[in-house]
Every structure is written in structure tokens, then in C-alpha cells.
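Asks: Need the complex rebuilt from these two chains, each delivered in its own frame; the hints are there to steer you.
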Amino acid sequence: MEPSLARYIWTHTRKQQIWILMIVLLSMIPYFMSFDLPKLIVNGPIQGKGFEQPGATLPFMKLHYNLPFIGEVQFFSGFQLDRKETLLALSLVFLLLVVINGLFKLYINTYKGRLGERMLRRIRFDLIDRVLRFPPIYFKRVKSAEVATMVKDEVEPLGGFIGDAFLQPVLLGGQALTAMLFIMVQNVWLGMIAMVIVIIQIVLIPRMRRRLLVLGRQRQLTARALSGRVGEIVDGIGAVHVHDTSNYERADIAARLGLIFKIRFDLYQWKFMVKFLNNFLAQLTPFLFYMIGGYLVIGGRLDVGQLVAVIGAYKDLPGPMKELIDWDQDRQDVQVKYQQVVEQFTVEDIIAPGIAALAIDDPGPMTKPLSAVGLSMADDGGAMLLNRVSMQVKPAETVALVSTPTGGAEALAEAFARLNWPESGKVASGADDLLELPEAVTGRRMSYASSDVFLFQASLRDNLLYGLKHAPLTSVTYDGTAADQQRWNMDEARRSGNPDFDVHSDWIDYASAGATGPHDLFEAVRRVLDAVLLSRDILDLGLRSSADLTRHTKLAGRIVELRAALRTRLEQEGLRELVVPFEPGAYNTEATIGQNLLFGAAAGPELADKALAANPYFASVLKQAGLDSTLYEMGMEIAEQAIELFADLPPDHQFFQQLAFMSAEEIPAYETLLQRLKNRPYEAVSEADRAMIITLSFAYIEPRHRFGLLTDELMSKIVAARNRFYENLPPELHNAIERYDPAKYIAAATVMDNVLFGRVGNNHPDAPDRIRSIVYDILDELGLYAELLDVGLDFNVGAGGRRLTSGQRQKLDVARALLKRPDFLILNRPLSALDQRIQDKVLRNVLEEARRDGHSPAIVWVVTSPAMAMMFDRVIVFDSGQLVEDGTHETLLAENGIFKELLS
Amino acid sequence: MLLKDEVGMLQRVPLFSGIEPAKLKLLAFTSDRVNYSAGQILFRQGDEADAAYVILSGRADILVDSDSGPIKVAELLPNSIVGEIAILCNSSRTATVSAASDLEALRIRKDHFLRLMKEFPEMTIEILRVLADRLSHTTADLIDARSA
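Sequences listed follow chains V and X, in order. Per this note's numbering, the very first residue in the first sequence carries number 3; after that it's consecutive. Per this note's numbering, the very first residue in the second sequence carries number 3; after that it's consecutive.
Bound-form chain X, shown alone (with noise of 0.2 Å):
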């Protein structure tokens, strides 16, 4: 895959579709392009986060450590977007990512990402829409979950 079908795909990332291409290519150029086999881990539970993931193919599976074991709370597909979360808090990685087949992802390091969002502000305020979007279902769920 090349750095022009790159960008494609980043563009179908809700979090950056609302930023132009040349600064995607840039975005793209200076993230690393990492392979994964099925298995293998993109980052653990509780690790320092330092960079968020860019699925281009295949899958991926979000465990949280329990008692029993891990549990699979959700699946990962290709053009999502996973970890940023934690680099924008400065917290430790509050769930385990692994490859659940062959693996093909960017990786954004957290200060290319922070930067980006310094000079950038449309990609900050889609990311700020992205997270009260997440907040409000949440809250939703929440109070969902309260009246249950």
C-alpha cells in the first residue's frame, strides 16, 4: 500500500475526514507503516501510551484484563482509529489491543499527533466533536442503565 492509498484510507476516518489531503499525506508520511500477524499485540493494558493506531486491513480485538481473564469488549475493522484516547489524557492504555488476523496499521507517535492538533485546529475540533459524541452516548447509557 502506498502513501496515496493511505491518505485514501485515512480520509474515511470519521476523526479526519474533515482535514485536507495534503496534510493527511503529511500525517501519513511521518507515521510508521506496521505489520502485525494474527496474535501478536499492538499495545497491553496499562502501558504508557505513546502513539494511537490506524487500522488499514484486517481486524483487531479490544481486551480488558478481568478476574476470568481478558474479555473481548469490541472489534476493531478496517479505518478506525484506536489509542488516541489515551495519548490526548496523558493516562495508561485502558485496554489491550491485539491482532485478531494479519495486521496492517499506521502508527501516529503521540507528539506527531499532539503537534498536528496544535496546527491544526479543524482536525482538533473534529476530534473534540468526535469525543462529546462518545460522551453523550455514554452519558445516555449511563442514565439507561440507572432507570434499567
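Pulled out of the complex, with its shape left as it was, chain V reads as follows (with noise of 0.2 Å):
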């Protein structure tokens, strides 16, 4: 990048620097015109000059001018206007000129604003840009959250400055070399000792100014090496808390802010004295021009006249001197930070930009062999991994790399997908070296897992595809004003030098998958989740989440009819006992209190757990269905019955998970309540008081906690209170519940409780585990297992993946490398999370699944233990980063060697 940012800002804004400094120019016209024209006005029309007669009139616009050669010229003779006529018309032109300066403004700020934005976007671009472009080794080396601040934070004064660059010094020097003359004009002594002041001004603030850059250069890095910090706490919590260093975390944090405070104060002390100086020298200029100026008019070698001129002229010249020094500390300071960020940026190395090139045709298969020659690689501590290896992987060869620990077979996957790079010898796809061809080939016809897996926070679907996303396929039409909003997105993005793709367009490439178009796309998804064996753990979170219902018609369509083929196989399996359905005039004894009051899934926080005890409306529903003191009874009972179970046991302790009432952090506060509360009528209790009890008898389900508080009489209450409930419910609740409907889909509640449509029994340990395997097979009986499945990959994998388990995330990541459906298809230790027997059936599953329609890929698989060779072509042995046998599983038994040893 353009070390300089004075050039870099020049080479691309040049045209419009030019043309805003034409604009400022022209609004001095205005400007100075302004100026005259109160003078006008006051001794005119106001003083009556030129209206000394009544009736008098004076032209009005007249234009004539005095031109060489030729003499005057008149172009208008102008309108004869009367005194008061005279006033209105020059109050107007004021007015007017008013209006012309605040355009000009106005204009000219915009115009400025724009132009630095739109600098700060093609800076804040072709630094990421060169961030997709660094070498590998590069990110070994640097903490993710630096580049973010850099590229977010550090540039961003830039924006602000870019506008000025080149127009506040023209026009501020111009100003403070008008005023300069002046004052030179009126008399040379005084203007000498102005100078004087003003040299010294220009030579020493800005050395002064020095030691100001070198500190905010530290500041710069301190704060850089902060947010890297912050970033690493983040990523590494865990480590923090398994070892107890938050403390030393602490005090490393307190430490590097001390740092920054220190750095900063400084700063700001020299900043101060900077401008102490830079003040006094200001004032020091008019001490001299009085004390000299004085004495001079004194000794009559002045007149009065003068020095009051000249006064009157230096107060014109600190301002635009002030805002010039000022002008360069900005200029310094940006440089400093931009040099800063470029020299981050400037790596030997850089990827070609024509590597990762768009290509929006398909590339073509590849091939031709696979090979490495003479290939060495290093860590990045310089130790050997593998050491002048040669051998070659010919296409729809099946070959299992088998490592001792030390052996290097990992490092030759990588190398073959490029994320490391060769130290000697090279990577080679036939003749050309590997690095050298354009990821549009690489990247869409070899694909790469490896079980150090990386994964967006998105949904599971968008993870699964990423690897399809190569460009923009599809040309969006927009119509109306996303037309006009897409065009200008395009010609701003331009403008920045930004790319014009289509972020909107189908990016995903469905002929690299084997499908056509979204509509057959999901069989292809279905077939690589099915060969990972990822499905099932995806279906469990499809029944576990709620369904979109707008992408997820069928689904609710169908609802009916999936609760009726459940409750059919049920009663068929001798199972009816398992769930306990809910019924709109029956209580429902396997849910809760609160369960069977509500009789529906609370869609908004006015319902939902604690709340609902305390929401005025159920409350009175409750009060006249004469449950009120039943239910706070029971209350008070149970938290009788848990603070006597639960009070002498520490706070994390494991049993409080059986406790569904309170949390442990509660158990203090409901043992001071119960003190105050024992006794005194239901009467004398207050409302928030009786909420806190009541509300603890909502969890209370018989079955399960068998303290003997539910009678017949109280259930048909409760039933009775539900339909109360919902009878009058207030219209701005509406919306806060969803009634449980046998005909309907409850949006709220989750897939599984939808089909349910009721409760597990409690007391059938394994009733959960049948019934979702019966679940399952009711979704595929009725031809709804895609869309649960598609309700599944809605699920949200959170930061890094980290809501989905270590297997979860490699089986995702083997099934993103298949769909792809490559030439060569590079596994390292893709399972390494799983036991080994899943690892043997995926393995397995995967072999035939690369190979289904005829496809017959290259695979190279760092196997992570040797038995999985038997079911490759080839084998290849690695050990001390050399390749010691290369056979086929039967040869190498036979020989004796590495491989034998390593089996047994």
C-alpha cells in the first residue's frame, strides 16, 4: 500500500480535491461581497448619502466597468430607485447572499463529508481485501481482534481529515498571507516583528509537537495490543476459569491501562503546554506592536492611524495560524496512524490478487495428478514436519495416509489445500504448482476438512452451503425504489473502489452439489448429513426448536394429522400411558399447575414464567375462581417442603437441579419470606408478596414431586379458572399467549411439543428416547422428515460453532467438503472428536457417498489410526516427515515394516 497518505489520499480524490477548491474560491465571491454590503446599506438609505434631496433616486444594478484600452463600459444603466425603495432592495440582496453563503456552506461540507467517507471505505476495503490476501503463516502471528481494530477504529480519523487535506491549508495559508501584508503594508517595522513571531510559531510548536506523535503512536499500539488482549480473554474464558487466573488476567488488564492512562495523560500535558505556547506567542505579537508601536508614535515616527490599523489587521492573523498548526497536528497524527496501519498491512508474500480472481464459470474438473516435489515443510518455529517428500495422487485413487506422531502426514494435507506454504519444493496439480492456480479451481474442485474446524455464527444451513458460495450467480432485478437503492449502492461501491457483486444474488453453486436449483438442493444436503451420520443430532435440534412458520408451512398444515398418527401408534404399541394429552376440559396431571392454568405457550414476556403470577389480569382470574389462597397455601406448603430439603445443602449443588421451584440463589430470600409470612392471614399479605408464593406452586407437578397437594376438587378449579381465563382475556394480551388448540400449530412452542400435543409421563425413565424414535417415524411416514430436518438446519451454531459439540462441528465440516462433490477430496483426521467405531462408519459412509452417480474423486485421507487404511486403494506411511511405504494395505502387511508395527 501507499506509504504516504498525503499521495494515497491525492491519486484517488485529485479530480474532486481540484474541484472543491474551484467551489471554495467561487463562494468567496459571496462572501467578501457580504462583507461590503452592510457599509452600503448604513451610509446609504439608512444615512441618506446620495439621498440628500427628497425624491432623490439612485441607480440600482447598474453595471459598468473600467476596462483598459477601451474605457468605460456600461452594460445596464441600471433601476432608478427612491431611498426607501433603495433599503428594501439592498436588505434583499443581503438576504440573498445570506442564502448564497449558507448553500455554499452547505455544498461545500457535504461535498467534503462524502469525499472523506467514501476514502474511508476504499481504505477500510483494501485493507481487508489485503487481509484475504495474506499468507498463511501471516495469522499465526497476529490476534484477530488487532486487525479488527485497526481496520475499524484506527483509520476511521482518517475520513474526517481527508476532506481538509489539501483545502484548509490553501485557503488558511491564503487567509494569514492577507493578513500578513496588510500589516506589512501599513508599516514594515511592525510587520517585520509579526513575522518574527510567526516563524518562531512555525519552527518550534510543531517540534514541540514531536514528542506529541510519538506519544499518540503509543497510544496507538497500546490500545491495539489492549483490544488483542480483550479479544484473547474472550476466546480463552475457559482456560481462565479451569486454571483460576482471572486475577493474574486482572492484573495484566489494570496493568496495560495503566500503561494507556499514562501514556494519555502525557499526552494531554504536552497538548496543553503546546497550546499554552502557542497562545502566548499569539499574544505576545500585539505586547510588542503597543509597547514598540507605542513608543514609536510617541517619537512621532507613527502616526495613530497606523498602529490602529495594524492592531486591527493582526487580529485577523492567529485564527487562520491557529487553525494551520492545528491543520498539521491533524495531518501528522493521521499520517502517524495511517503509516501504523500500513506497515501492519505491508507483508512480503501477499497472495496476487488475480489468485482468488472471480470466476463465474465453472473452472472445469481438474484432472491431472496431484503432486508433491521435493516438498519440505516447516512450523513456524523452523522445525522440519516433512522433508523433501515426493509422491503423487492420481485422480479417483482412494489413498489413506498413516502417520506415527511425528510424522508428517498432516502437514502434506495442508499443504495440498494451501494453508501452508511449501518452505522448499512445491505443491503441483500436472505441471503447475498448486499456489499458483486460481482458488476458483482449488477452492471448487478439491475440498478440505480437518478436525480443527471452523464455523460462522449462522445458521446450520448457511455453514453446510458456505462452501458453495463462490459468486454471484443470479442477476437480482429489483424493482421501484430497491432498484434506484440497489443502483446506488453499486455506483457508491464503485466510487470506493469496492466491488459491484451482488451480496443478494444466489451465491450457491447447486451444480458443484449436484442439484439444479434450490427445489432438489435439500436431497443432496439430506445424502452428505446422512453420510456423516449428522441427521439424527440435527432432527433432535429441529424437534427441540420452534419452527419459522412462514418458511415451514407444511408442518403446520399437517399438525392435525401428525398428533392423530401419534396418538394411533401409540395405542397400537401398548404406549398410551406414555403422554398424557392435553384436552381442553380436562386437567392434564404430567403438567404443571401453571401448565394447566394457562393451557397455552406465552408468546411475550407478559406471561411467561415468573411474570405470570404477578400480571394483574391472571391474577384476578385466579382471585374469582377462588384459587388464590388455595394456590398460595400450596405455596407456602411447598416452600416449606423445599427449604426443609434444600436449606443445609450448598449452592452448587447438583440436587438443585431436581428442584423446580426456586433457584439456590432464592432459597435465602423464600426462607425470610416464609419467617414473615407464617402465621398472618391470606388477608393481611401483600400483593407482591403473594406472587413470590404463588408462583411456586405454577411448577408444581404431583407425579413428580409427590407432595400430596393436588385434589380433585383443585383440578376441576384449575380447569374451570382456564376457560375463565380466556373468556375475558384483555385485548393486549392477546398476543401474548397462544391457546392450546388441538387443530392448530402453536408457533410458540417447540416442534416436539407441537406433536405431542401434551406431556411425557414422568414416571417411564426411557419414555422420552421411544417416543422420539416414534416421532421420527410418524415425520417419515407422512413425508415430513425433510422439513423437520429443514427446521433443524434453521438452528444457530452460535460463535465459532461453540453451541454444536466438538463431533457435532467435524461431522459439519466433512459434510460441507462432500457436498461440494470435488476432484479431490483431502481429509485430515476429519473425526478425530469421535469414537472409533462412528469414525469406521462414517469413514465408510463417506467413501461410497463421494463415489454415488458415477463420481469417482480422489481422496487423501490422514487417517487417525491404521486400521481405517484396509479400505483405501493405496497406503502411504509417514514417519519423521519422510514417506518410508507406499503400497497397497495387502503389500505392506506383507513387508514388515512400519505399518505392521503401527497396526498391531
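No farther apart than 25 Å at their CA atoms in a straight line, the calculated lysine-lysine pairs in the BS3-like style are these: (1) V:K107 to V:K41; (2) V:K107 to V:K324; (3) V:K428 to V:K370; (4) X:K6 to V:K680; (5) X:K27 to V:K680; (6) V:K86 to V:K41.
Taking beta-carbon pairs under 8 Å as the criterion, some of the chain X residues facing chain V (in silico): (7) L4; (8) L5; (9) K27; (10) D34.
Hint data in this document are derived by calculation from the structure and do not stem from the laboratory. Beta carbons: idealized from backbone N, C-alpha and C, even for Gly.
Replies: As C-alpha cells, then:
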């Protein structure tokens, strides 16, 4: 990148800078006219100069000029206006000039602002573009949070500066020079004094500011390091807690903040010191004028008028001077920031822009063998991982790489995937160096999965399809305002040197997944998920999440059918007692009292969880049904029992998971509440306390908790209260609750709850598992399996995929690599988090899936256990960075070499 | 059957007889009440041991796999505990337990059981006593068998 900020700005905004300068110069004309006008108004119509005779008129807007050689030329003789008319006309001109000046200012500021923002956008894009082209080794040394701060915060001030970069010095310099000249004209000696002081300012102040720049650079570096550390703490929070090092982190952060404070405080001290000196110098000049000028006047060598004029003119000098010096400070400041950032982003061996150029067309298959030629790989410390290895993988060949712990097979796989660059030698596809092939070829025709998986914080679907998003394949048509907006977006992108790819286009390369479009992609997705044994996990996720009814209309449409099918099935298998269904007129003994009262899913915060008992409408319903005091007594009983059982346990005791009524933290509060309320009549208890106690009863399930608190009478009262609740439901609560309706899908509830439409009995330990497999069967029978899988694919995987287990993440990575249907599939210990039995199964599935429909990709698999090698055409064994054996499974077994040793 | 009745039942189990009722109530509360009908399996031989069971009502058979199919080796009556050995020594189930009639049981999860032992030494000592007792019986049986 361009190391000098000024040149960077000039290269990209030359035309605009010149244009805005012209506009500013043009704006000077009305600006100076508006200075002259008040004098005209006061002297003319107000004081009556030129209107001495009653009824006298003067010409207005008379245009005449004295041209050289030609003499006076009159273009327009003007309107003849009397005194009042002239006043009105001149005042209107004044108003007009005010408007014109304002508009100029508006235009100039907007233009400068836009110029700055465009440049900021360009710089940020350039930086990220470079990040995308950094060589792999760079990422081992840099903290992601530091890169993010550089792109986001450190270049931010540049935007504000760019508009003024060239304009400000020209303007302010001009103003200062004019004032200086004026003083000179009045009196040379006084002018010289002013000049000397200005020179001192110009020389001394920037010199003093040098220290400010040094401090500024330190400030930037320490702040960047701080954000790097903060990022590290967040990413490594597990390690911090596991090792009880949070106080070490606190100390480290405090020390860093202390350093930053010191730097910033030094900075302030210097800044105000410099400011003080600058102001002092500026004020020194009038002092000298008064003293020396006064002396001269007394001596009769200078007349008073001149002195006053000089002092008056000097008033205009410090302003521009100060601003000019400030501008210079800004310039140096942003220059430092810019250089700092550019230094960080200037690295050797940056990937050439052409390698990752956008390619819409399918690059065609890789038909040549993939080979390592004298390949050596080293780790960051320079230790050799792979030492001059030469080998070749032919198309359609399946190769197992077996490695001793120091073998280096992983390094070879990483080299094939371009993730690490060779120390010497090369990886080649046919005769071409792999690193010189466009990523459009290797990224589409090869795929790679390893044990080290990175997932983006998005849905499972997005992560799975990520490997297919190479290029915007469709052009989206926009209409109306969207079209204008789109045109504007693209136009602005180009002006800032950003690419004009449409992110809303369909980027998914369906063809490479063997599909023709969105409608049949799902088949391919399902096959790869089945192959890596991830479908079941995703189905489980689907069952546990609530479906987006705008997408998954089939589920909602067939819910009645589903529920009926489940009932029939349970009946057939003699499992009817496993699920107690919700029935509008009956109490469900396996559900909580709260669920029985509400008989619906809370869709908003008003009636959810703890807010329910405190809701005024709900409380009034309980009162009318005569339930409030009963439930209160029940709550008191539960509180007593819970406290008796749990009060002695430490708050982190695992038994608290069994206590549904309150959390461990709430126990002390309930203990005091119980003390206070004991023996107090219900009527004397405050509303808030009542709600606290009644809430406890809502979590009660008789068969589970077995306190013996639920009677038949209470159950029928609760069902009556339920009906009453819905009869008079106030309109503001209509959206807060979705009533259970056997014929309706409940959007706020999970898919599982919707299908069950009841509660699983608490007394059957294996009921949840059995019911789940029955539900899957039914969904499959009704053709809704795909729909549920689709619901599961909506699951957000969390930051870095942390909401999935490491096994699930690895499976997803393999599925993603498979989905692309590559010519070369490189798998680097891809399933290390799974047990051997599952690994074997996935291995078999993957080999089969990869060769579906007559495809025959080459597969290079770094296996975790030598026994897995049996499934491959060819086995290559690595030891100490060397290729030691190469052959088929049988020949290697016969050789009695390392492979056989590893197997035993 | 209510929680307090279960406590009464637990007190009659020799293993828990020395433990104060309040702790037994906690044990009962944190355990799951499970129902089986005749023929249903509580756990199978070879399964991972995750819980112990106290029979509250009904009967269960202890079956051991053999070449000629499962052999019934013992019968469980109310107030007996089963499956506690396997959760103590982290081994898998040494026998299958199946309900011989409608059966009500209390399922005590492994981690809860171990936690209780850690917290209430009197319970641990009681368990030790029972185990030692069984061991001496087994030793006596072994001597009988050898000398026979």
C-alpha cells in the first residue's frame, strides 16, 4: 500500500480535491460581497448619503466597468430607486447573499464529508482485501481483535481529515498571508515583528509536537494490544476459569490500562503545554505592537491611524495561524496512524490479486494428478515437519495417509489444501504449481476438512452451504425504490474502489452439489448429512426448536394429522400411558399447575415464567375462581418442603437441578419470606408477596414431586379458571399467549411439543427416547422428515460453532467438504473427536457417498487409526517427516514394516 | 404413594436404615419415581450402570445370560435395592432386571448416590457394612463349594 497518506489521498481524490477548491474560491465572491453590503446599507439609504434631495433616486444594479484600452463600458444602466426602495432592494440582496453563502457552505461541507467517507470506505476495503490475501503464516502471529481494531477504529479519523487535506492549508495559508501582507503595507517594522513571531511559531510548535506524535503512536499501539488481549480473554475464557487465572488477567489488564493512562496523561500535559506556548506567542505580538508601536508613535515616527490599522489587521492573523497549526497537527496525527496501519498490512509474499479473482464460470474438473515434488514443510519455529517428500495422487485414487506422531502426514494434507506454504519444493497439479492456480479452481474442485473446524455464527444451513458460495450466480432484479437503492449502492461501491458484487444474489453453486436449483438441493444436503451421521442430531435440534411458520408451512398445515398419527401409533404399541394429551376440558396431571391454568404457550414476556403470577389480569382470574388462597397455601407448603430439603445444601450442589420451584440463590429470600408470612392470614399479605408464593405452586407436578397437594376438586377448579381466563382475555394480552388448540399449530412452542400436544409421563424413564423415535417414524411416514430436517438446519451454531459439540462440528465440516463433490477430497484427521466405531462408520459412508452417481474423486485421508487404511486403494506411511512406505494394504502388511508395527 | 411414604419405605431398606429421615427425604425427592409393567426391563446385563433402584411395590426378577438363555438367579421384593454395586465400581451391569409384576420403583441416579455417600459418612459406613457382610457370605460359600 501507498506509504504516504498525502499521496494516497491525492491519487484517489485528485479531481474532487481540485473541484472543491474551485468551489471554495467561487464561494469567496459572495462571501466578500456580503462583507461590503452592510456598509452600503448604513451609509446609503439609512444615513441618506446620495439621497440628500427629497425624491432623489439612485441607480440600482448599474453594471459598468473600466476596461483597459476601451475605457468605461456600461452594460446596464440600472433601476432608478428612491431611498426606501433602495433600502428594501439592498436588504433583499443581503438576504440573498446569506442564502447563497449558506448553500455554498452546505454544498462544501457535504462534499467534503462524502469525499472523506468514500476514502474511509476505500481504505477499510483495501485493508480487508489485503487480509484476504495474506499468506497463511501471517495469521499465526496476529491477533484477530487487533486486526479488527485497525480496520475499524484506527483508520476512522482519516475520514474526517481527508476532506480538508488539501483545502485547509490553501485557504488558511491564503488568509494568513493576506493579513500578513496588510500589516506589512501599513508598517514594515511592525510587519517584521509579526513575521518573526510567526516564524518562531512555525518552527517551534511542530518541533514540540514531535513528542506528541511519539506519544500518539504509543497510544495507538497500546490500545491495539489491549483490544488484542480483550479478544484473547473472551476466546480463552474456559482456560481462565479452569486455571483460576482470572486475577492474573485482572492484573494484566490493570497494568495495561495503567500504561495507557500514563501515555494519555502525558499526551494531555504536552498538548496543553504546547497550546499554552502557542497562545502566549500569539498574544506576545500585540504586546510588542503596543510597546514598540506606541514608542514609535510617541517619538512621532508612526502615526496613530497606522498603529490602529496594524493592530486591527493582526486580529485576523492568529485565527488562521492557529487553525493552520492545528491542521498540521491533524495531518501528522493521521499520517502516523495511517503509517502504523499500513506497516501492519504490508507483508511479504502477499497473494497476488489474480489468484482469488471472481470467476462466474465453472472452471472445469481437475483431471491431472496432484503431486508433491521435493516438498518440505516447516512449522513456525523452523522445525521440519516434512522433509523432501515426493509423491503423487492420481485422479480417482483413494489414499490413506498413515502417520506416526511425528510423521508429518497432516503437514502434507495442509500443503495440498494450500493452508501452509512449502518451505521448499512444491505441490503441483499436473505441471502447474498449486499455489499459482486460481482459487476458483482449487476452491471448487478440491475440498478439505480437518479436525480443526471453524464455523461462522450463522445457521447450520448457512455453514453447510458456505462451501458453495463462490460467485454471485444470479442477477437479482429489483424494482421501484429497491432498484434505485441498488443502483446507488453499486455506484457508490465503484466510487470507493469496492467491488460491485451483489451480496443478495444467489451465491450457491447448485451444480457442484449435483443439484439444479434450490428445490432439489435438499436431496444432496440430506445425503451428505446422512453420510456423516449428522441427520439425527439435526432432527433432534429441529424437534427442540420452534419452527418458522413462514418457511415451514407443511408442518403447521398437517399438525392435526401428525397428532392423530402419534396417538394411533402409541395406542397400537400399547404405550398410550406414555403421553398424557392436552384436552381443553381436562386437567393434565403430567403438566405443571401453571401449564394447566394457562393451557397455552406464552408468546411474550407478559405471561411467561415468573411474570405470570404477578400479572394483574391473571391474578384477578385466580381470585374469581377462588384459587388464589388455595394456591397461596400450596405455595407456602412447597416453600416449606423445599427449604426443609435444600436449605443445608451448598448453592452449587447438583441436587438443585431437581428443584423446579426456585433456584439455589432464591432460597435465602424464601426462607425470610416464609418466616415473615407464617401464621399471617392470607388477607394481610401484600400483593407482591402473594405473587412470590403463588409462583411456586405453578411449577408443581404431582406425580413428579409427590407432596400430595393436588385434589380432584382443585383440578376441576383449575380447569374452570382456565376457561374463565380465556373468556375475558383483555385485548393487550391477545398476543401474549397462544392457546392450546388440538386443531392448531402453536408457533411459540417447539416442534416436539406441537406433535406431542401433551406431556410425557414422569414415571417412565425411557419414555422420551421411545417417543422421539416414534415421532421420527411418523414424520417419515407422512413425508415431513425433510421439513423437520429443514427446521433443524435453522439452528444457529453460535460464535465459532460453540453451540455444537466438537464431534458435530467435525461432522459438519466433512459434510460441507462432501457437498461440493470435488475432484480431490482431502481429509485431515477429520473425525478425531468421535469414537473409533463411529469414525469407521462415517469413513465407509463418506467413501460411498463421494462415489455416488459415477463420481470418482481422489480421496486423501489422514487416518487416526492405521486400521482404517484397509478401506483405501493405497496406503502411504509417514515417519519423522519422511515417506517410508507406499503400497496397497496387502503389500504393506506383507512387508513387515512400520505399517504392520503400527497396526499391532 | 407420596414422598413421605417413600421415606418410610426407604427406612426399611437395610442400606438406608441408619440414615436420618430428613436425608432420606432429600434422596427420595431427587430420585425419579418409575413404573413398569410385568415383563418390562429395568436394565440389561452389559449396559452402562447409571442408577440404582429401590423396589417400592411389586416384584422383579434378576436374570443372568447363559448359553441356554437367561437364567433367573434371584427375586426382588419390595424394600430391596438393586444395581448399587455396579454404580459403586463403575462396572457395567452384571445381570438383567425385569419386572415380574406391575412394579413401582425409585430410581436413584449414580451421581446423586455418590454425592450422598460423600456427604453422609453414616450412609457410606452402612453400605460398607452391607458389602462386607455379603463378601463374608460369598467367602463362606466359596469355602463350602471348594471343600464340597
